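Engineer: In case you want the letters, here they are:
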Amino acid sequence: MDLTTEAVRLGINMAHLRAEIASANIAHADVAGYRVQRADFGEAVGLLREAETQPSMAGEHLRGLASTVLHDAVHAMDRGAGVLVSLDHEVAELETASVDFQSLTTVMSRRFALMQLAMAGRS
Amino acid sequence: MSVDSIFAASRFGLEFERLRLEAASHNIAVANTAGATGHVAQLMRAVAPHGAGFDAAVGRESQPALVAIDADEREVHDPSDPAADKNGMVSYPRVDLVAEMSTLVEAGRAYEANVRAFNTLRSMALRSLDIGNGS
Chain W
1 MDLTTEAVRL GINMAHLRAE IASANIAHAD VAGYRVQRAD FGEAVGLLRE AETQPSMAGE
61 HLRGLASTVL HDAVHAMDRG AGVLVSLDHE VAELETASVD FQSLTTVMSR RFALMQLAMA
121 GRS
Chain F
124 MSVDSIFAAS RFGLEFERLR LEAASHNIAV ANTAGATGHV AQLMRAVAPH GAGFDAAVGR
184 ESQPALVAID ADEREVHDPS DPAADKNGMV SYPRVDLVAE MSTLVEAGRA YEANVRAFNT
244 LRSMALRSLD IGNGS
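Going down the list, the protein sequences come from chains W and F. Okay, so the first sequence: first residue is 1 according to our numbering, each after it adds one. Okay, so the second sequence: first residue is 124 according to our numbering, each after it adds one.
These are calculated hints, taken from the structure and not from any lab test. Quick caveat: nothing in here was measured; it's all calculated off a predicted structure. Note that beta-carbon positions come from the ideal geometry of N, C-alpha and C, so glycine has one too. One or more hints might be untrue.
Which residues of chain F face chain W? A partial, calculated answer using Cβ under 10 Å [claimed, not checked]:
#1 Val126
#2 Phe130
#3 Ala131
#4 Leu137
#5 Arg141
#6 Leu227
#7 Arg232
#8 Tyr234
#9 Phe241
#10 Leu244
#11 Arg245
#12 Ala248
#13 Ser251
#14 Leu252
#15 Asp253
#16 Gly255
Label pairs and their in silico Cβ distance ranges [what the hints assert, rightly or not]:
#17 Glu20/W with Val238/F: 50 to 58 Å
#18 Asp78/W with Asp193/F: 23 to 31 Å
#19 Glu20/W with Ala159/F: 43 to 51 Å
#20 Met224/F with His28/W: 31 to 39 Å
#21 Asp2/W with Ser128/F: 28 to 36 Å
#22 Ile254/F with His75/W: 19 to 27 Å
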């Protein structure tokens with residue numbers, strides 16, 4: 001697909017990953033020795049910036065990089081502050097991820113609606 | 124100021140109020156436990172990083188934290204207590220129960236207010252997706 005669609009797809013996958021991590025943290029909240037997992041989206045955001053400044057980048061290229069970037073984003077936190085799960089933090093994370101996900105899905109569906117309009121003509 | 128940073132500010136508020144509640148509960152819990160002789164009891168206090176108000180939380184990540192501070196001692200004469208020193212004095216941490224209780228109630232209320240703000244912002248953000256949807 002084109003670059004914008006792939007960028008939105010990466011955003012949706014980021015929101016999905018955040019929700020997944022928050023769910024895993026909640027599920028393991030009472031497991032002894034569990035270390036909180038966090039996602040570091042530094043590389044993914046860098047990739048999106050790159051796509052923004054180079055509109056000539058191919059969509060397939062972004063898609064190929066996106067899967068590795070997302071795979072590397074998940075880390076278990078080291079010992080120290082913030083290793084324990086705080087439930088309200090995780091639920092808030094879940095909610096903000098949900099808002100992001102819904103916004104990006106809406107963007108995507110409007111985009112496809114435009115494509116559909118272009119193909120079908122005036123409906 | 125984006126929606127994301129207002130969310131971050133609300134979450135900062137939630138975390139800070141939870142820590143204040145935790146600190147007040149800890150202080151009330153240790154108020155009547157005798158300390159070992161020569162060992163100063165620790166009271167907890169929630170602190171926000173320097174300059175972390177709403178304005179600072181909108182824009183950058185900052186984390187509130189709990190710090191332990193040494194408590195003042197309150198000495199009670201009770202020679203029958205096993206924790207008493209050679210003069211028969213038992214030392215307790217000096218905890219201002221009135222202040223701790225009001226912190227407890229205040230933090231609980233502020234937590235509720237932050238949850239309300241978060242939910243309002245969330246429904247606003249989701250409602251904004253309906254712009255241009257017709258009807």
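Engineer: None of the hints should be skipped; say for each whether it holds.
Structural biologist: Against the structure, the hints come out as follows:
1. Contact between Val126/F and chain W, as hinted, is supported at the beta carbon level, the nearest pair being about 8 Å apart and thus within 10 Å.
2. A hinted interface residue such as Phe130/F counts as satisfied when its beta carbon comes closer than 10 Å to some beta carbon of chain W; here the least separation is about 5 Å, so the hint holds.
3. The criterion of a C-beta within 10 Å of any C-beta in chain W is met by Ala131/F, whose closest approach is roughly 9 Å, and the hint holds.
4. Interface hint status for Leu137/F: upheld, as the beta-carbon distance to the closest one in chain W is roughly 6 Å, under 10 Å.
5. At its closest, the beta carbon of Arg141/F sits 6 Å from a beta carbon of chain W; the interface hint therefore holds under the 10 Å criterion.
6. Because the smallest distance between the Cβ of Leu227/F and any Cβ of chain W comes to about 17 Å, over 10 Å, the interface hint for this residue is violated.
7. Violation of the interface hint for Arg232/F is found here, the shortest Cβ-Cβ separation to chain W being roughly 16 Å, above the 10 Å cut-off.
8. Interface hint at Tyr234/F: satisfied, since its Cβ lies 9 Å from the closest Cβ of chain W, which is below the 10 Å cut-off.
9. Here the hint on Phe241/F is kept, as its CB sits about 7 Å from the closest CB of chain W, short of 10 Å.
10. The interface hint given for Leu244/F holds, since its Cβ lies 9 Å from the closest Cβ of chain W, which is under the 10 Å cut-off.
11. For Arg245/F, the interface hint holds, since its Cβ comes within 10 Å of a Cβ in chain W; the closest pair sits about 6 Å apart.
12. Because the beta carbon of Ala248/F sits about 5 Å from the nearest beta carbon in chain W, less than 10 Å, this interface hint is met.
13. For Ser251/F, the interface hint holds, since its Cβ comes within 10 Å of a Cβ in chain W; the closest pair sits about 8 Å apart.
14. Checking Leu252/F against chain W: minimum C-beta separation of about 5 Å stays under 10 Å; hint holds.
15. Interface hint status for Asp253/F: upheld, as the beta-carbon distance to the closest one in chain W is roughly 9 Å, under 10 Å.
16. Here the hint on Gly255/F is kept, as its CB sits about 8 Å from the closest CB of chain W, short of 10 Å.
17. Checking the proposed 50 to 58 Å range against Glu20/W and Val238/F shows it is violated: the Cβ atoms sit about 24 Å from each other.
18. One distance hint, 23 to 31 Å for the beta-carbon pair Asp78/W and Asp193/F, holds here, with the actual separation near 29 Å.
19. Taken as a hint, the range 43 to 51 Å holds for the pair Glu20/W and Ala159/F, whose Cβ atoms sit roughly 47 Å apart.
20. For the hinted restraint 31 to 39 Å between Met224/F and His28/W, the CB-CB distance of approximately 34 Å keeps it satisfied.
21. Distance hint check: the CB atoms of Asp2/W and Ser128/F are about 30 Å apart, consistent with the given range 28 to 36 Å.
22. Taking 19 to 27 Å as the suggested C-beta distance range, the pair Ile254/F and His75/W does not conform, at roughly 37 Å.
When the structure is compared with the earlier hints, violations turn up for hints 6, 7, 17, 22 and for no others.
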